[in-house]
Amino acid sequence: MGLRKQYGDFTAVDGIDFAIEPGEAFGFLGPNGAGKSTTMRMIAATSTRSDGRLSVLGFDPESHGPEIRAQLGIVPQADQLDEELRVIDNLIVYGRYFGLPLPYVKRRAEELLEFAQLVEKRKARVDGLSGGMKRRLTIARGLINSPKAMLLDEPTTGLDPQARHVLWDRLFRLKEEGTTLVLTTHYMDEAEQLCDRLVVVDKGRIVAEGSPSALIRQYSTREVLEVRFGSSRNEEAARAIEGIGDRIEVLPDRVLVYDDDGEAAMSAVHERGLQPITSLVRRSSLEDVFLRLTGRSLVE
Amino acid sequence: MTELKPYELLEAPAPRIRGPLRGLYAGNTRSVVARGLQVIAKNNWIVVMTGFFEPVFYLLSMGLGLGALIGSVSFYGADVPYAAYIAPALMAVSAMNGAVYDSTMNVFFKMNFANLYQQMLSTSLGPLDVALGEILLALFRGLLYASGFMVVTTLLGLNLSWTAILAIPAALVIAFAFASFGMAVTSYMKTFQHLDYVYFVMMPMFLLSATFFPIEVYPQGVQWVIQAMPLWHGVDMIRQLTTGLIQPSIGIHLLYFGVMIVLGLWFTTARLKSLFLR
Amino acid sequence: MSALEPGSAAPTRSGWVSGDVDHAAVAGSARAWGWWYVAEHRIRAMRSYVASWALIGIGSPFLYLMGLGLGLGLLVDANQGSEGVDGVPYLTFLAPALAMATVMQTASQENTYGVFGGFKWFPMFFAMNGTPISAWQIVVGFQVSVLARVVLPLAAFAGVIAVFGIGDGVRALLLLPIGLLLSVAVGFAVMSWVATQTEDRGQLSFIERFVVVPLTLFSGTYFPLETLPLYLQWIGWISPLWHAAELGRVALYGAELAPGMVLVHVLFLVALAAVTCALSIRTFRRRLDR
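Residue numbers (this note's numbering), protein chains in the order written: chain A, 1 to 300; chain B, 1 to 278; chain C, 1 to 290.
Same shape as in the complex, but just chain A (with noise of 0.2 Å):
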């Protein structure tokens, strides 16, 4: 309730207010510097916060953070895994961190190794696996220690599209068994994917809340067109075509126009004399609903 963390002069996060029920996969969607994982590392106890009132799992993170953090599992935006073991060893030291006995550990880490799909690495040095492999390490490490809940920040940044596949069913079935999921991206595809619920951040503050379909129809049309004139001519174009759908945007690269019938608005376009170098029609996606509130595209 009414989160903040100050750096100095800098205000990260900036009075925010939000509830993660058990059980849901709850999202962060936000820009870069948006204040995501500073709220992350607030809930994991491992950063004070400046203001405001934060429980976790019935805990208060300052006085109890040894407490709080015994229940959950962390995956960090770099992996930051234990360069100088060996892949299972990786796990095994992690959950003695946590003073789970050795030979429970041990029988844990085997299991793991399965779920991350990394039994045939299990001898490898960590410095010689993939991104996606990494990643799926760094998971299955945060699960060793059967956390109530799992942070995971930005979990599929950096990876190839068949690894954020792979990825993204590894956090399906850990939603499927009913582990809470608290997740940063600045991915709207993978916001749409895994959160049941999310808020959208920006600037350390929440500008919107609800679940992906709601908040699109809320903020964005059914359908957008994207048309391309040149980068010299989109201003002039976009002028050109004002009154075309419900909403146009004009970005450095291209022109948005926001229809429910994007084929519709693409006649349209065509009646006026104007030639797009290019064109697309496209379902809108949660990138439209962070332009619509914020007048700034995601990934910039």
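Read the hints as simulated data drawn from the structure, not as lab findings.
One should not assume that every hint holds.
Unchecked claim - Pairs of lysine to aspartate or glutamate, EDC-like flavour, derived with a Cα cap of 16 Å: (1) Lys175(A) to Asp196(A); (2) Lys42(B) to Glu83(A); (3) Lys110(B) to Glu83(A); (4) Lys121(A) to Asp89(A); (5) Lys42(B) to Asp89(A); (6) Lys42(B) to Asp200(C); (7) Lys120(C) to Asp127(A); (8) Lys106(A) to Glu11(B); (9) Lys148(A) to Glu11(B); (10) Lys273(B) to Glu62(A).
What the hints assert, rightly or not - Residues of chain C clear of chain B, computed beta-carbon distances all greater than 12 Å: (11) Asp22; (12) Ala24; (13) Trp36; (14) Leu147; (15) Val151; (16) Gly165; (17) Val170; (18) Pro177; (19) Trp193; (20) Leu263; (21) Phe268; (22) Thr276; (23) Arg282.
Given the structure is predicted, the values throughout are model-derived calculations rather than measurements.
Every residue, glycine too, gets a C-beta built ideally from N, C-alpha and C.
Fit chains B and C to the given chain A structure using the hints.
Leaving out everything else, chains B and C in the frame of chain A:
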């Protein structure tokens, strides 16, 4: 894939530490030590082992070469052969170097590149668990070096009294003091160049702390400065033990290191907390 | 893309895309001066360290000479009587060798972590290789930049020697060329090995531990090499430090050597530099070509 069956899963036990250490200490230092020993055993035991040679090289070179030019040196009124004079000093220096290397270079790397402490502190471990664990590892290394060096000096006949055996625990005390302080100092460092300054403090201590010649060659003022430095206390303490010329001042040396250890631990824990749990 | 075809003017070329660069001229000057661009790059990067280097570069000769040297000198000269060591006071005997030992250590460190890092931690060499600069120019330019690093402590040693009357101030200046020669020899030698290493499992620290420190200790730095038993003297003979230290002693106080030995010392250092330079170029060429 195996189904993850919730009923057979264990939850991490909540730390049972109460009082002023709550939130700082989870009573699980051994997991940090275990991780360090595993890395030594599997990856870099050769690197660790080779650290033992440096003082031996110094002893052979200075003892043989300079010893021939110098002869013997007076220590608390007794004439001590030059090699026997510098051997205990090299042991103290080696304890200092090992501890400082472990707590600066290694810790700097773990803090800034390997993100090891971020990993540890995102579990139920507290900063004091981490600090103690790292220091114990440095001590383990110090124990190896001190024991190895003791074997060499005994074979060369440079230990003049049975009390020399006490030099091993004394070396551990020195290492403990330097390691507990070194980690706190490292936490202020941002670039590799800052590490240079550590060596700028260590080098004069190494060269001037009665390591290779008595400090009486200096004017009184300089002597006081040197005597305020920890290494001089370490050198004099171990030299008293290996030569058997034990003086009441050994109590002051021990007190000096005791204070250094307590202050260092407190300082390091506070720094780790403010760095990683802020 | 028309911009890639030589001679054809690209219709939409705007200044900040390709500029008015004469690419043929760039290639030509890189062929001749590429090694200097490499050195310049590294010297520029060094500027942020200048403060700490100045502190250490000026502080260490003072400490080693006025702290260690003076103290040991009192003990040695008291025991050796009026003729001192090698016919001069111990401090005078020690000073040129300590200057050379510092050069060896600095050159070795720069080449260990600079070369390994240039391939691995901050892969500058690959970036350079993507420009018209070639492998031999990286190798040579790197070594030139190390000279810029080494000259500071060398000058500081010469300064302390002159100011405290350890030796003749003018003759102390002769330590500079000798030190630079040593830096090149040691630098290329270390580089030729480090460049072959693709992963650091701690072996990089072995150079300091098993080469630099033992060579410093057994190269007649702190005492005449002949003081050591014969079975240890060979370490000095193969040590670039001993050769440079002997030259330094001739330069500073006219130490008397066997006839022809000055030439032997110089030739040893030159030969070491030449051979390891060639090896380094070969390794760099292979490693950059992948």
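Status of each hint after checking the structure:
no.: 1; hint: Lys175(A) to Asp196(A); result: holds (10 Å)
no.: 2; hint: Lys42(B) to Glu83(A); result: holds (12 Å)
no.: 3; hint: Lys110(B) to Glu83(A); result: holds (10 Å)
no.: 4; hint: Lys121(A) to Asp89(A); result: holds (12 Å)
no.: 5; hint: Lys42(B) to Asp89(A); result: holds (11 Å)
no.: 6; hint: Lys42(B) to Asp200(C); result: holds (15 Å)
no.: 7; hint: Lys120(C) to Asp127(A); result: holds (13 Å)
no.: 8; hint: Lys106(A) to Glu11(B); result: holds (15 Å)
no.: 9; hint: Lys148(A) to Glu11(B); result: holds (9 Å)
no.: 10; hint: Lys273(B) to Glu62(A); result: holds (12 Å)
no.: 11; hint: Asp22; result: holds (39 Å)
no.: 12; hint: Ala24; result: holds (41 Å)
no.: 13; hint: Trp36; result: holds (25 Å)
no.: 14; hint: Leu147; result: holds (20 Å)
no.: 15; hint: Val151; result: holds (18 Å)
no.: 16; hint: Gly165; result: holds (18 Å)
no.: 17; hint: Val170; result: holds (28 Å)
no.: 18; hint: Pro177; result: holds (27 Å)
no.: 19; hint: Trp193; result: holds (17 Å)
no.: 20; hint: Leu263; result: holds (27 Å)
no.: 21; hint: Phe268; result: holds (22 Å)
no.: 22; hint: Thr276; result: holds (24 Å)
no.: 23; hint: Arg282; result: holds (28 Å)
In summary, the structure agrees with every hint in the numbered list given earlier.
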